[in-house]
Amino acid sequence: MTETLDRTARATRPPTRRARTLRVLTRRPGRIIGLLIIVFFTLMALLGPLLYPGPLAVDPEAVYAPPSAEHWLGTDFAGSDVLQEVVVGARYVLLTATVAALVTAATGTLVGLVAGFRRGLADSGLMRITDFVLTLPGLPLLIVLSTLWSFSSAFQMGLVLGVTGWGGVARAVRSQTLSLRERGFLEAARGLGLSHRHILLRELLPNIAPYVAMNLLLSVIGFIGAEVALFFLGVVPFSSENWGVMLNQAVFSGGVMSSPEALTYLLAPLTCILLITLGIVLFMDAVDELFNPRLRERT
Amino acid sequence: MRNARRAALPLAAALLLSGTAACSSSASSSDSAGGGVFTTIDGNHPISAGAPMNPFNAAGNTFLGYDTMQLGFTKKNPQDPNDFFPGLARSWKTTDTSITVELEPGAKWSDGKPVTVDDVKASMAIALTQGAATVGAGVLTQGLDVAEIKETAPHTIEISQVPGAKNIQFPRLVLTQKIVPASVYGSMLPADVWDVVHASQSADPGQADAAKAAVDKLNEIGKKISAFAPATDVSAGPFVITRINPGSAVLDRNPHFFAADRIGPKQVVVRNYTGNEQIWNYMTNGELDAAPFTAIPDNVLQRILKAGNQRVDAINYVDAAIAFNQSVAPFDKVEVRRALAHVIDRAAVTKVGQPVGGAASKATTGLIDKVAEKWLTPEQQAALDPYPHDETKAAALLQQAGLTKKDGAWYLPDGTPWTITLQTVNGFSDWIAGGTVLANQLTAFGIPTKTALTADFSTYKKEMADGKYPVGFWLTALGPGTDAAFQRLYGADNGFTAIGAAVTHKTGKGSGNWLNTPTSFTLDGATVDPGELTARLTLLKPDQQKDIVQQLARLTNQQVPVVQIWDYTNVQFVNDKRFTNFPKAGQDGLLSNSPGVWMMQGYVQPKSKK
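The listed protein sequences derive, respectively, from chains A and B.
Numbering-wise (the numbering used here), the first sequence opens with residue 1 and increments by one.
Numbering-wise (the numbering used here), the second sequence opens with residue 1 and increments by one.
In case anyone wonders, no lab produced these hints; they're calculated from the structure.
Just so it is clear, the structure is predicted and the values come from calculations on it, not from any experiment.
The beta-carbon is built from N, C-alpha and C at its ideal position, and this holds for glycine as well.
Treat the hints with caution; some may be incorrect.
Said to hold, decoys possible - Cβ-Cβ distance ranges computed for the label pairs, FRET-style:
{"#": "1", "chain 1": "A", "residue 1": "ALA57", "chain 2": "B", "residue 2": "ALA382", "range": "34 to 42 Å"}
{"#": "2", "chain 1": "B", "residue 1": "ALA382", "chain 2": "A", "residue 2": "LEU47", "range": "49 to 57 Å"}
{"#": "3", "chain 1": "A", "residue 1": "LEU43", "chain 2": "B", "residue 2": "ALA382", "range": "44 to 52 Å"}
{"#": "4", "chain 1": "A", "residue 1": "ILE33", "chain 2": "B", "residue 2": "GLN302", "range": "37 to 45 Å"}
{"#": "5", "chain 1": "B", "residue 1": "THR404", "chain 2": "A", "residue 2": "GLN156", "range": "29 to 37 Å"}
Unchecked claim - Partial list, computed: chain A residues near chain B (C-beta under 10 Å):
{"#": "6", "residue": "LEU139"}
{"#": "7", "residue": "PRO140"}
{"#": "8", "residue": "ILE143"}
{"#": "9", "residue": "GLU182"}
{"#": "10", "residue": "GLY184"}
{"#": "11", "residue": "MET257"}
To be verified - With the C-beta cut set under 8 Å, the calculated list includes, among others, these residues of chain A facing chain B:
{"#": "12", "residue": "LEU51"}
{"#": "13", "residue": "TYR52"}
{"#": "14", "residue": "PRO55"}
{"#": "15", "residue": "TYR64"}
{"#": "16", "residue": "ALA78"}
{"#": "17", "residue": "PHE238"}
{"#": "18", "residue": "VAL251"}
Construct the complete structure from the given sequences, taking the supplied hints into account.
Below you can see the structure in the form of structure tokens.
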């Protein structure tokens with residue numbers, strides 16, 4: 001009898017966070033694939049430069065060579081290995097996008113929370129600043145900045161992208177906060193005399209976390225596109241291992257639109273960008289369910 | 001090059017600056033009225049939507065040789081800087097100080113008015129407001145020093161240099177100015193313009209302020225003229241612009257052109273382009289009848305040839321080099337510069353940088369190889385150091401200069417690691433690609449090297465002049481004249497200014513001297529000043545230049561102020577699907593000009609005449 005009760009209790013006990021996460025992830029194969037893609041590129045960014053230490057080798061006798069056992073993805077305009085360039089270049093691209101996304105999420109969330117919760121003068125002031133940031137033409141501004149700043153560091157570029165990109169998140173978080181502010185649990189928190197810090201961080205933040213998390217992932221995609229576009233346009237430092245530079249060289253120097261010799265050179269970075277986008281989109285489905293209790297209840 | 005178009009830009013500028021060589025025979029003229037639409041691109045600039053039809057506007061939509069005429073078109077003959085195809089001038093005679101031009105008697109503008117001496121006078125005055133004036137008063141070796149223009153007979157004018165000047169380039173400069181109608185542009189010139197010109201040319205130190213004020217006034221006039229937008233194109237050339245769209249300019253045959261019977265096509269369409277890849281696409285689609293030099297990779301070349309285009313190579317008096325700022329250590333040491341010349345495998349760099357339009361330089365002399373071969377004796381050529389790729393020699397030279405190597409990396413004499421930033425220009429794909437290989441070679445040798453890009457060429461030139469870059473790409477050996485070629489090394493970029501044979505030298509901030517080559521060397525036991533020798537070249541006829549050219553070439557080879565990497569080849573393409581009788585390889589003089597000039601000589605005739 002006791003054993004039966006224990007078994008029933010175990011069966012009705014809410015699953016642990018790890019079990020719940022695992023269940024959400026495995027519910028659809030696409031989510032696992034998304035996670036695997038993200039892990040794959042994260043490892044590439046972490047370990048890529050260690051796999052290929054030293055400078056990129058050039059071989060003027062093998063310019064735009066087709067894929068072979070020696071060069072799985074062929075070679076580029078200088079006879080350098082395209083696979084090596086893609087692998088080594090992953091660090092700059094992903095680090096920039098991650099830094100930019102974190103700066104965007106942190107700044108946008110903080111500004112939106114404070115503005116929405118405090119209202120009044122703080123709200124007006126912060127929203128004017130937000131409006132200013134929103135009016136900044138991101139890509140043209142970066143093109144102008146690139147004439148003054150070399151952007152040789154991924155952190156620098158990530159910072160600039162993030163600082164010019166948090167306006168939208170701040171606006172959305174403020175709206176969410178204004179809505180949550182009128183809910184009963186916040187009325188109760190204020191009635192109990194809890195500190196603003198407690199209300200902001202313990203009551204409001206968890207409720208908007210799903211939105212922020214989703215936005216963080218989406219902005220990674222956006223920032224990868226932005227930085228690759230800058231390099232593609234050729235307005236930032238030239239580096240053979242940069243995915244945007246690879247696209248630029250394939251189109252403007254390799255004549256990929258006129259002749260197929262540079263096709264793998266073009267497709268390699270392009271495929272990586274598409275795969276990362278796909279991975280993030282697939283994984284976001286799981287994140288959505290993990291953070292959204294209604295979706296969990298439905299299952 | 002951001003596309004190769006960008007790479008071609010400095011070349012185009014260089015070609016405009018340079019004189020020219022090589023003769024070619026004239027083709028037989030056609031007696032037919034001709035027909036067909038000739039499609040091409042303008043290698044100097046794409047179509048600029050909204051830009052005026054004004055040859056003095058930086059983005060102006062006019063086309064040299066088609067609707068824009070000169071008195072003559074240079075043949076780029078290194079032995080005779082005054083060898084030209086006739087343009088609006090039927091003939092000319094030169095003296096040491098002047099040129100007398102007989103205008104083509106039948107020359108008319110497209111509005112039916114004749115081309116007159118007044119048109120030439122107005123055009124010369126305008127030319128003096130366009131940049132030539134900005135360099136200041138005095139006789140400048142590269143300046144257009146027109147002082148007087150007088151009509152000596154009907155259709156004949158004598159154009160004189162400022163007193164005291166004997167610039168051998170003067171006839172070339174006069175003949176290559178753009179001639180515009182006084183009826184359109186003349187009203188923009190003040191009545192006393194020639195008085196202002198004379199004031200600007202005063203060499204009297206007591207008149208320096210008045211000269212500067214005159215230069216400022218000319219510049220003001222120049223700005224207004226360059227911004228002027230004529231309502232219609234008035235051309236004395238074989239074609240006249242009838243419409244300009246963002247995608248192309250359409251030029252119809254000018255019925256008033258004095259040699260209209262030689263002109264084959266009835267219409268020329270000049271296509272717009274945003275980059276080289278677009279030009280390549282035009283060619284692979286067989287849409288262009290002729291295309292000027294465009295940087296091009298080998299794989300695309302094969303496609304272009306497969307599409308029925310024919311490659312026509314001509315000499316190109318330009319070389320791509322790596323230049324050093326010798327005020328920055330360790331580039332102040334000749335052993336270091338020589339060592340770097342040995343480290344660089346020029347053939348490998350050329351193979352990647354300019355696989356189609358380049359040939360690895362045989363030796364650094366300040367001249368392209370083909371010109372150096374003409375000026376130097378076989379013994380002198382054999383005595384030149386070709387600086388072959390030899391890392392052992394390079395290491396020995398560096399050690400001789402006090403540098404040391406530890407753990408595979410080179411250290412400067414003060415113990416700091418030696419790194420190099422090789423500067424190049426955004427969009428110049430040949431420099432960027434070549435620079436990548438060069439950086440790789442230097443890094444592998446133990447000098448960590450990275451390439452850095454400057455946003456555009458004008459910023460690059462400015463920052464280079466400010467001494468911002470210790471090492472960077474540079475165009476040298478601009479010719480065909482040896483004076484122009486050596487001015488790239490021992491001219492304004494080295495702080496030298498020449499007034500006649502008198503040379504002054506400046507250094508430091510604001511001087512424009514970024515090469516910082518010393519002014520005195522010992523050569524064959526004698527002391528020579530390269531700036532002074534170069535200035536003297538501008539006063540000597542080619543047959544008198546030999547000794548100085550040989551001295552400067554040998555000095556350059558020994559001192560290595562630059563390492564010449566590749567000589568450019570003027571690779572052009574023609575397509576004979578619609579037209580025939582194109583110039584052929586070897587006709588360098590003709591091929592250095594636009595197809596409009598070919599047509600004036602009777603070339604480019606339609607296959608089926610309508």
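Hints versus structure:
Here the CB-CB span from ALA57 (chain A) to ALA382 (chain B) is close to 36 Å, well matched to the stated 34 to 42 Å. The beta-carbon spacing between ALA382 (chain B) and LEU47 (chain A), approximately 54 Å, falls within the hinted interval of 49 to 57 Å. Under the hint 44 to 52 Å, the C-beta atoms of LEU43 (chain A) and ALA382 (chain B), about 59 Å apart, miss the expected range. The given range of 37 to 45 Å is respected by ILE33 (chain A) and GLN302 (chain B), whose C-beta atoms sit roughly 41 Å from each other.
The hinted window of 29 to 37 Å between THR404 (chain B) and GLN156 (chain A) holds, with their beta carbons roughly 34 Å apart. Residue-level restraint check for LEU139 (chain A) is violated (minimum Cβ-Cβ distance to chain B is 15 Å; threshold 10 Å). The restraint placing PRO140 (chain A) at the interface with chain B is violated, with a minimum CB-CB distance near 14 Å, outside the 10 Å limit. A hinted interface residue such as ILE143 (chain A) counts as satisfied when its beta carbon comes closer than 10 Å to some beta carbon of chain B; here the least separation is about 9 Å, so the hint holds.
Annotation: GLU182 (chain A) was flagged as interfacial toward chain B, and the flag is violated, the nearest CB pair being 52 Å apart, outside 10 Å. Taking 10 Å as the C-beta cut-off, the interface hint given for GLY184 (chain A) is violated, the closest approach to chain B being about 57 Å. With 10 Å as the threshold, the beta carbon of MET257 (chain A) comes within range of chain B, its nearest partner Cβ sitting at about 6 Å, so the hint holds. Violation of the interface hint for LEU51 (chain A) is found here, the shortest Cβ-Cβ separation to chain B being roughly 19 Å, above the 8 Å cut-off.
Proximity of TYR52 (chain A) to chain B is violated relative to the hint, the smallest CB-CB distance being about 14 Å (cut-off 8 Å). Annotation: interface hint on PRO55 (chain A) holds; nearest CB of chain B at approximately 5 Å, less than 8 Å. Taken as an interface hint, TYR64 (chain A) checks out: its beta carbon lies about 6 Å from the nearest beta carbon of chain B, inside 8 Å. Satisfaction of the interface hint for ALA78 (chain A) is found here, the shortest Cβ-Cβ separation to chain B being roughly 5 Å, below the 8 Å cut-off.
With a cut of 8 Å, the hint placing PHE238 (chain A) at the interface with chain B holds, because the nearest CB-to-CB distance is about 5 Å. A cut of 8 Å between beta carbons decides the hint on VAL251 (chain A): the least distance to chain B is about 6 Å, and the hint holds.
Going through the hint list in order, the structure does not satisfy hints 3, 6, 7, 9, 10, 12 and 13.
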